[in-house]
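Mind docking chain A on chain P? Use the hints.
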Amino acid sequence: MASSGSGYDLSSSTFSPDGRIFQVEYAAKAVENAGSALGLKCRDGVVLCVEKPIPNKMLLPNSSRRIHTVDTHSGVAVTGFVSDGRQVINRAREEAANYFETYGSKIPPTVLADRMGSYVHYFTLHGSLRPFGATSLLASYDPETNDASLHMIEPSGVSHSYFGCAAGKGRQPAKTEMEKLALHKPAAEENITVREGIRQLARMVHAFHDDGKDKP
Amino acid sequence: MDSVFGVTYEGGVVLATDQTNARSILVYQKNLDKITQLSSHSAMGVSGPNSDLVNFTEYISKNLALYELSNDGLKLSTHAQANFARGELARALRKGPYQVNILLGGYDESVKSGGSLYFCDYLASLQKVNYGCQGYASNFCLSIMDKEWKEGMTEEEAIKTVENCIAELHERFLIAQKDFIIKVIDKDGVRVVKYGQDPADN
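Protein chains in written order, with numbering that gives the first Met the number 0: chain P, 0 to 215; chain A, 0 to 201.
To be clear, the hints were calculated from the coordinates, so they are not data collected in a lab.
Residues of chain A placed beyond 10 Å of chain P at every Cβ, according to the derived structure:
1. D32
2. T35
3. V53
4. L68
5. F118
6. W148
7. R171
8. G188
Under 8 Å between C-beta atoms, here's a sample of chain A residues computed to sit facing chain P:
9. N70
10. L73
11. G86
Think of the CB as a built atom: it goes at the ideal place given N, C-alpha and C, for glycine as much as any other residue.
Extracted from the complex, chain P is given alone in its bound form (with noise of 0.2 Å):
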């Protein structure tokens, strides 16, 4: 991106000339340099994988979780600053555990993604606060329609659903290979399985991955 801030991205309460909020852009290019997470909405549920690279040969390998269990029905994956996901996920726990007390039913996934996303959202409008450098991947069931979903919500506080998503370093060749898999075909017999799924996201974040870009 060429365009210079010049005065305008210095807060995110602020508009530049031609309508863009800076600091927002500023914070999904961290996400942009991070590992990858991958989503895939298949016919029997939803997929999420995520490129988890070992920085230091004295890291434990099973420490630093990156997919988190937001309720017994919902879980994400986040990449980009993870200790701004994390808070993210704390406040996804939050309206999860909620809205079970006052409904007495696990919460809708359209329900959670908007409160996600709307959280996210606020942090975007204030001065004296920086927008999260992390985008969320929400995997989760509805026991009232009996189906799966995959949201993605961004650091500029859009939430939308998927079929498939990926966000990080190797999202461009990963959404161009999505796009080859059946995903949302009419008759459902005929879209991919989650077995055939998590091969199919293993062998992408595999085949993408680049040593040379990890970075700490």
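Quick look at chain A alone, frame taken from chain P:
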């Protein structure tokens, strides 16, 4: 003094209440509809002072409407609505309680027999039941429902049971409650089956 009762059947639930609005020895009104519709496929039969009845049911039904507006048309299940209502009763209990005993009935596609009925008293105890009563009616009607209710019963059978309960109250209950209103909730929504006095404000 209010009689409220309900029976679930295969495909829905029947709710019935008496239509008397009275306090102490004075009858204010004889055509009160004590079954308030909450959402497209749920309704609540309420016993208690008219003030709390109206206040509580309007509060719950408008909050349910707000949920649908806020969440892009998503509907709350009967189970969720009942838990929400219970939560509000519980919250108000130790501040300024709603003195209402309710029977919340609703229809959900995802529920096995379609209809579900929730008993919730003014102390905010919530229990899902196949059939239930609030108030003095319990003393007379629960045994009839115990005998007549069975899994998979039809709408006609459920209404017959409700009518048997009303007959028993007419026969044995000290307080004369001539008029009852009966409503059914099924896949087509909430509808009035029968009333003693037309509840409309003419």
